[in-house]
Amino acid sequence: MEQLGQRKIDGLWLTVVGIAVLFFLILPTLIVIPMSFSGASFLEFPPTSFSLRWYEAYFTSPEWMSATKTSLIAAVLTTAFATPLGSLCAYGLHCSTPRIRSSAQILVIMPIVVPVILIAVGVFSLYAKLGLNYTLTGIVIAHTALALPFVIVTVMSGLQNYDFDQELAARSLGASRAYALWTVTVPQVKFSIQTGAFLAFITSLDEVVISMLVSGGDNATITRRMFNSLRDQLDPTIAAISTCLIVVSVGMLIGVQLIGRSKNSDK
Amino acid sequence: MTTAAQSLPIDISNLCKAYGSVKALDDVSLNIAAGEFLTLLGPSGSGKTTLLMALAGFVRPDSGSIQFGTQEMIATPPHKRGLGMVFQSYALFPFMTVAENVAYPLKVRGVSKSDQKARAERALDTVQLGGYGDRRITQLSGGQRQRVALARAMVFEPQIILMDEPLSALDKKLREHMQIELKALHQKLDATVVYVTHDQREALTMSDRIAVVNHGRIEQVETPERLYRQPHSFFVADFIGESISLPVEVANDKAQLGGRLLKSDLPIAVGRGGHRLVVRPELLEVTPGAVPETANDLSGHVHDIIYQGDSVLVIVQHDSAGQINVRVPANRAGQTGLPSKGERIGLALHPEDTIIVPEHVA
Amino acid sequence: MSVVELQNAATLKSEERRERLTFLGLSLPAVLAILIVVFLPIFWLSSLSFYNAAGEPSLENYARIFESALYRRTFVVTFQISIAVTVICVLLGYPLCYWLTRLPNKTAAILMVFVLVPFWTSVLVRTYAWLVLLQRNGIINSSLMSVGIIEEPLQLAHNLTGSIIGMVHIMLPFLVLPLYATMRSIDTDLVRAAVGLGSSPRGAFWRVFFPMSLPGLFAGIVLVFILSLGFYVTPALLGGGRVQMLAQRIESTITVYSNWGAASALGVVLLLLALAMIWLMNRVFGLDKLFMR
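Residue numbers (our numbering), protein chains in the order written: chain A, 6 to 272; chain B, 31 to 392; chain C, 85 to 377.
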């Protein structure tokens, strides 16, 4: 009986801590949203008046819009490059010997392991020699390299959960490797590929440190502008921009969850 | 109208495949006749699946030769070998309908859409799944999926069909039913079938010939009856059918059990190691009186009698050689005169049933 | 072997080589991209660290960073903060994961959204939120004052406290996700068996469940620690210039002092620390765990 009481108290404590941590995680994330609708000209929470002025400030500012355009284009291009390159890489590694695979795995997660500041500084000086600083090309190349590990890991785990016998069956029935890959394997791992694409997009859009050094001038990313702005003063326009970014992030997240759900309903 | 393809013979010569120090295929040679149903039988890890995969082109041997008819195939990629294959897991495409699955090999070969539909439907009829074309794979039972896999492997009329333990996932009754169906299907098709299984009963039921595989080598290739009656090694004798084995001494082609000479009509195969007498429980005759001079005397005392439904297993303690099992039908004829526990039982092993094998193949 | 078989053996070998090369070829573009963007600059940067200001090869830079009180303090501060962040993440994250594990799967999946949304939200957005929350007239100070706990607003932003709070918020999902995945895979039958054999529920937890959750916990700890060591954005914004971790020190050494030698030496040390952690985790658990998501 005493043990049961003890269990209940333990359970209660656990629930309290669990809920508290969840709130700790979500509240600061979402608090920007109501703030962005505040009418005051300084940062306040809770907001005392409702206004769309900060959204107006964001959408009418040529600098912010240019930065947004740069970020979106960079993200789309990064996704367009990283997704096929990463998926093919994952497939190639999946079909290679275990020895090659483990060495490649180490190499492939380097962009995540190596501290971003080092990559940023290194790339910055390399680009200085090649004249790629402040160019869209430079940004996209760097972001693609950063996004590749996410695509590769996601697609590789998708391939591992896939019954490879099906590709063998297709080949035994007369399909060449490439034809079998395209008609049988890809339709089944497309969920992983799509998830990888979402990850690539958001990685590029949210990337701060490299963009801080490598983007600029006409090709400044939104993250670079935000960072510089935050260092100087707390402009409430940032709240509006942040809300827009949150919407995009959550949209990506919902997209991934929907993919996962439709994949399970197919089974 | 497509002309029926003539089935092809398969000639395997000196096939070797090693994974590190393990020899998965150890100098394997085998000739399979056109239109034959040949089973590769062996325990897991024996190399039977490796051999099948080498025929399919998914395992690349280190050396040797594989010929389909007169064409050398060993380096040909799987999709150019023109054979049909049924996998153990069926490997059906879950995102396609049944008809789309079956029509896939036709689509690959550029057959027109209307032709695809007609031939797929005909293939499904052959496996008794006519009308199932629009169903999704997930809606089918295990037995139905197995038949779709079969239809898909046959629809383009291949000259050779490979099957990798296709019935192992089915329950006993369905499996036995499918074994007979597959055999009937083979009579209708004009194709050479190579079938892999570890179930000896399945092999005995379906095959024209059985190749027993052990440690990457083929120990014996025979018709089911000859394999059962005249195994060439202890492994084959032990793997197929029930048996009890007793060590014997062999000198000058004559075997002795416990000092007494054994009379046997069957030749003793050449091999290595010692020799054993293989006693199949159903071949021993229970003699009420003395054992006739023409037969071998294996009498002893009844240790236990076990009822097993269709037959009765009598465990006998032989005077000197150890435990011997005798299987007796559970009908009146079999049960009359059966001694009870502890009593003496006369057992006769006739010379045509006296199997003596070497421990190992040469 | 007959002539045919000899020919076959040769053909087979060349076919195998060709196939292997094709697969490597598929991976090549991605690998090249990573090599060019990550490895090349790092090597170049590291090589810089071995030259002094006069352009002669020397270990001056390394000597300087280990002798200088400023750089030494940077190392100490970085380690202190990283350890503090890791410990707090464990203290907050482990109970959260354990609680989620005990809930029915559907509920837990829905609640995981509370972890995933911050994870997918930009670091800048979250850091900005903390800047607002922690500032002198921010909501935390004002609510504490209105309840009467404090009289003067606390200095929560632009200092060490703010940095740590912000970093914990960013790092927590990195601990929670691998840890939760590991916990989910623990067979609860084992814990029930322990209780059935006479253990108290708490004892069963410590003796059965906890040890089995360690791989996920260690993966999360290593990840959080490495990321904290090299973290830039949040300490830069929430530290108010008073907190200088390694990443910021490297950046300011270049942009403010143009001292590439010292900066690259610091970078090399940081890189070695990160690689050492990865090597350690590979040794103990094997990198495959990361890929088994």
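One thing to keep in mind: the hints can contain errors.
What the hints assert, rightly or not - Straight-line distance between alpha carbons at most 25 Å, and here's what the computed DMTMM-like set of lysine to aspartate or glutamate pairs gives:
1. A:Lys-13 / C:Glu-100
2. B:Lys-137 / A:Asp-170
3. B:Lys-110 / A:Glu-61
4. B:Lys-53 / C:Asp-271
5. B:Lys-53 / A:Asp-170
6. B:Lys-110 / A:Asp-168
7. B:Lys-53 / C:Glu-103
8. B:Lys-53 / C:Glu-140
9. C:Lys-97 / B:Asp-41
10. B:Lys-137 / A:Asp-168
11. B:Lys-143 / B:Glu-187
12. A:Lys-134 / C:Glu-140
13. C:Lys-190 / A:Asp-170
14. C:Lys-97 / B:Glu-187
15. C:Lys-97 / B:Glu-102
As the list claims (entries may be wrong) - Some residues of chain B that are not near chain A, with every Cβ distance over 12 Å (derived):
16. Pro-39
17. Gln-101
18. Thr-253
19. Glu-279
20. Pro-369
21. Ala-378
What the hints assert, rightly or not - Quick partial rundown of chain C residues pointing at chain A, CB under 10 Å, derived from the structure:
22. Glu-103
23. Arg-104
24. Val-121
25. Ala-147
26. Val-201
27. Trp-204
28. Ile-310
29. Ile-334
Source of the hints: derived by calculation from the structure; they are not laboratory data.
Think of the CB as a built atom: it goes at the ideal place given N, C-alpha and C, for glycine as much as any other residue.
Taking the numbered hints from earlier one at a time, note which ones the structure violates and give those numbers from smallest to largest. 1, 3, 4, 8, 13, 14 and 25
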